[in-house]
Amino acid sequence: MANSLFEEKLYSNEFLVTTEVGPPKGADVSETVHHIDLLKDKVDAINVTDHQSSVMRFPSLGGCLLVKEHGGEPILQVTCRDRNRLALQADLLLSYSRGICNVLCLTGDSIDVGDHKEAKPVFDLDSVQLLKMIRTMESGTDITGNELKGAPKFCIGASVHPEADFIEPQLVKFEKKVAGGAQFFQTQGIFDLGSLRKFMQYASQFNVKILAGIIVLASARMARYINDNVPGIIVCQDIIDELAGVEKGKGLQKGIEIAARLIRTIKEENLCHGVHIMAVGNEGIVPDILEAAELAGVRP
Amino acid sequence: MIVAEQKPLDEIRQMITPYEMVLILGCGTCMTVCDAGGEREVSFLHNSLRVAQAKSGNGTHTFSEYTLKRQCDPEFLDLLTDRVSDVDAILSLGCGIGVQAIAERYPEVSVLPGVNTSFMGMTKEMGVWDERCAACGDCRLAETAGICPITRCTKGILNGPCAGTKNGKCEANKDMDCAWLLIYKRLEGLGQLEKMRRYYPPRNFRAIPRPKRIMSKANIDVGGEGDG
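These protein sequence lines map, in sequence, to chains A and B.
Letter by letter, the first sequence follows residues 1 to 300 of the numbering used here.
Letter by letter, the second sequence follows residues 1001 to 1228 of the numbering used here.
No lab work stands behind these hints, which were simulated from the structure alone.
Just so you know, nobody snuck in bad clues.
Quick look at which bits of chain B chain A covers, simulated, 3 or more residues with Cβ under 8 Å:
hint, stretch
1, 1151-1159
2, 1163-1169
3, 1191-1198
Every residue, glycine too, gets a C-beta built ideally from N, C-alpha and C.
So here's chain B without its partners, still in its complex pose (with noise of 0.2 Å):
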C-alpha cells in the first residue's frame, strides 16, 4: 500500500488561507490503513481546523468533510461531483495520486495536498509502517531472497554489502538493518548464496520511461488506447 503522514496543521492552514469553502477529502483505501487520511483522520482534522480557527478569531473558512472509498479511482471520483460545486478548495487527505487524479477530474477547483506520501510500505507493527518498494519497474527480488537492495540498502547496490555496515546496520541510520547482511542470511538459509555470488549489471533506468503507463495487455491485443 500507499504510506503517507498528514502535514502539520500550521502548514495546512497556511494552505488553505486564500479559501473560504473547504472540502476535507479523506481516501478509504491506503490513507485509511496507514492513518494519515481516512475517516476518522479527516474529522480529527475538521476539528482541529475549526478550533486553531476559533482561537486565532480570525478564520473565515467554512469546511465540509467527506471519505471517498479511493480518491486514485475516476468510478469513485463521480461521487463528489454534488459535493465541489461550491467549495473553493478541496483540501485532499489522498495521497499524491489522489490528489492528481481529482486536479484532472475537476479543473475549477483548487486542490490542496492534505498529506506528505511517503513510499510503498506495509504494516510492521501497530503504528509502524515500513518502506519495501521502490517500484523501479525491475523487480529482481527473485535474486535476493525476497528483500529488496533498491528499496532497502540506502546506496540502492546490486552487488553486496558497502563497508559501513556495523553491528549489522546501515551506516546511515543505526536503527535500520544492513539489507545486504538480510539478503546474505535468508540466501544462506535458503542454500542459495550462488544468486549472491552473480554478478548485476547496472539498472536500467528505461525499464519503464517517466512518466510511466502501464496498458492492460487485453486493450493492446484490440488496439485500444485504455488509460487503465
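Okay, chain A solo, but in the shape it has when bound (with noise of 0.2 Å):
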C-alpha cells in the first residue's frame, strides 16, 4: 500500500504535475493559503520550501500543515542548513504523524547567500544521509539504534542537476541518493532539453521518477540576476534573449510561455516522469502555465 496519495500517482504511468509554495516573511498567510487553495486540485502535490534560499520564513512544516488543512497533497521539503539530526527525525516525526508522507531531502542552501548571514550553518547530515536516515525511522529505530515507539513511513525524494556545469560529480552523487532510497527528483530548473535529454538517457537505467524542474522566468533581469546569485542555476543565453526582445511589461507572459513550452515538449518527447514547477513568487500564474502547457484540469 502506498504511504500517500502522491506516492500512489508515482507509479500510476501518469505525467505528474507539482509545484511548490513558499511561505510567507510573517505570521499572515492568507497569501500562502490563497495559493494553495488555487493550485490544490490543478496538481497531484505541492511543495513547501524550507527557508528558501537560506531567507528565514514561516516553517515548511507549518505551510504542508496548511496544505493538508486545504485538502491539498504537500511535500515537505527538508534541508540540513538549520537543524541537527535530533531536530531532523523529531520533525519528520510530527510530519508523519500529522499525514504529511511525502518528504524532498535536501542539504540545503549556504547560510551566506540568505538573509541571517551570521546564524550558524548546521549540516550535521548531508542530503544522502537524510535520505538513509528516514529510511533507518521506518524500520523503526532512530539513527542511533534506538527503538522508536510506532514507525513512520514515507515516500522520500531528492534533488539533481542535469544543468550542473561540471556534471560527472553530481551524477556520483545522484547514484548516492538513489542507493539511499530516493523514490523521487525534483530536478533543479532545466532551461536546455538538451542536458535533459542527456541526463535522462543515463537515469533511466535507475527505477526513480524524475521530474523536470521548471522555473518560471518573469523578466531576462531576473534571468541574469539568477545566473550572478541563486546557486547552481544557469539560464542559457537563448531563453534570455527570448525574454530580453518583449516589450516592457510582457515579460513574465513571455516566461509563462517558455515553460509552457519546454513542459509541452517534456511531455510530448516523454522525456521524464513529470514536471516540477516553480512561481517563485508568482504563484498565482501556474493555472495560467497549465493551460498553456494543454495539463490543466482537476487532478483527483
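Make the complex out of the two chains shown on their own, each in a separate frame, by following the hints.
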C-alpha cells in the first residue's frame, strides 16, 4: 500500500505535475492559503520550501499543515542547514503523525546566500545521509539505533542538477541518493532540453521517477540575476534573448510561454515522468502555465 | 600552523584603557609566520599605540614589549616571570591558546587578546594564508584525495557536491573553489573515483569530546596523568 496519494500516482505512469509555494516572511499566511486553494486541485502535489535561499520564513512543516488542512497533497522540503539530527527526526515524526508523508531531502543552500548570514550553519547531515536516516526510521529505530514507539512511513525524494556545469560529480551523488532510498527526483531548473535528454538517457537505468524542474522567469533581468546570484542555476542565453526581445511589461507573459513550451516538449517527447513548476513568488500564474501547456484540468 | 589577524587598533586601545603598565607580548612561532604577532608586529603595534596615545593627548599607558619563542608552552612561559611582576596587563599577540596559557600560568595578571585567532592553515603565497584543517578529530583525507571537505566545503558535507556549485566555484563565495570538484578531479587523476562512490555516514562529533585532551601513549602506559 502506498504511503501517500502522491506515492500512488508516482507509480501510476501518469504524467505528474507538482509545484511549490514559498511560505510567508511573517505570521500572515493568507496569501499562502490563497495559493494553496488555487493550486491544490490542479497539481498532484505542492512542495513547501524550507527557508528557501536561506531566507528565514514560516516553516515548511507549517506550510504543509496548511496544504493538508485545505485538502491538498503536500511535499515537505527538508534541508540540513538549520537542524541537527535530533531536530530533523523530531520534525519528521511530527510530519508523519499529521499525515504529511512526502519528503524532499535537500542539503540546503549555504547560510551565506540568505538574510541571516551570521547564523550558525548546521549541516550535521547531508542529503544522502538524510535519505538514509529516514529509511532507518521507517525500519523502527532512530538514527542511533534506539527503538521508536511507532515507525513512520514516507515517500522520499531528492534533487538532482542535470544542467550543472560540471556534471560528473553530481551524477556520483545522484547515484548515492538512489542507493539511499530516493524514490523520486525533482530536478533543479531546466532551461536547455538537450541536457535533460542526455541526463534522462543516463538516469533511465535507475528505478526512480524524475520530475523536471521548470522555473518561471518574469524578465531577462530576473534571468541574469539568477545566473549571477542563485546557487547552481544557469539560464541559457537563448532564453535570456527571448525574454529580452519582448516589450516592457510582457516579460512574465513570455516567461509563461517559455515554461509551457518546455513542459509541452517534455511531455510530447515523454522525456521524464513529470514536471515540477517553480514560479518563485508568482505562484498565482501556475494555472496559466498549465493551461498553456495543455495540462489544465482537475487532478483527483 | 595557526593563523590569526591582529585586531583593529581602536579595539586594542579600548581593551587596554583600564591598565597603566602594559606588556605587549609576541609569539615566535605561528604568529610570526602569519605576520599577526611576531617580534616585528609587536614592535609596530608598540609604536602605533605610542603614537595614538601622543596624538590623543590623554593616554596614561607605559608599554613594554617582549616576544616568547612560544606562548602555548609552559617551559617558555617561565621566562616571563620577571617581566610580569610590575605589569597590569599582558596584551598577548599569541593565538587563543597562548592567551589562555598565560592566564593559567599568571592568575594575578590580566591577559588581553591582541589577535583574532582564525584557523589552522598554510601559507598559500606571500601574505596569503588558507584554511586547511578543522581539527575534527576524525581525519578522512585518505578517502578524499588529501583535500578536506570538512574544511574546504562551506557545508562540510561528506557525500559529494551540493548543486550550488557554478563555474567550479562555491555558492557561498565566488572566489572559492568547490572542494568537491577538486576532490573529484584529484580522485579521477589518481584512478580512485570508487572512493567518492562510497557512502559516508554522518560524522561522529564525539570522536573526542570537547574540550579535547590527548594523552601521550607513554603517559597512559605508566598510568601518568600527562597534561601534554
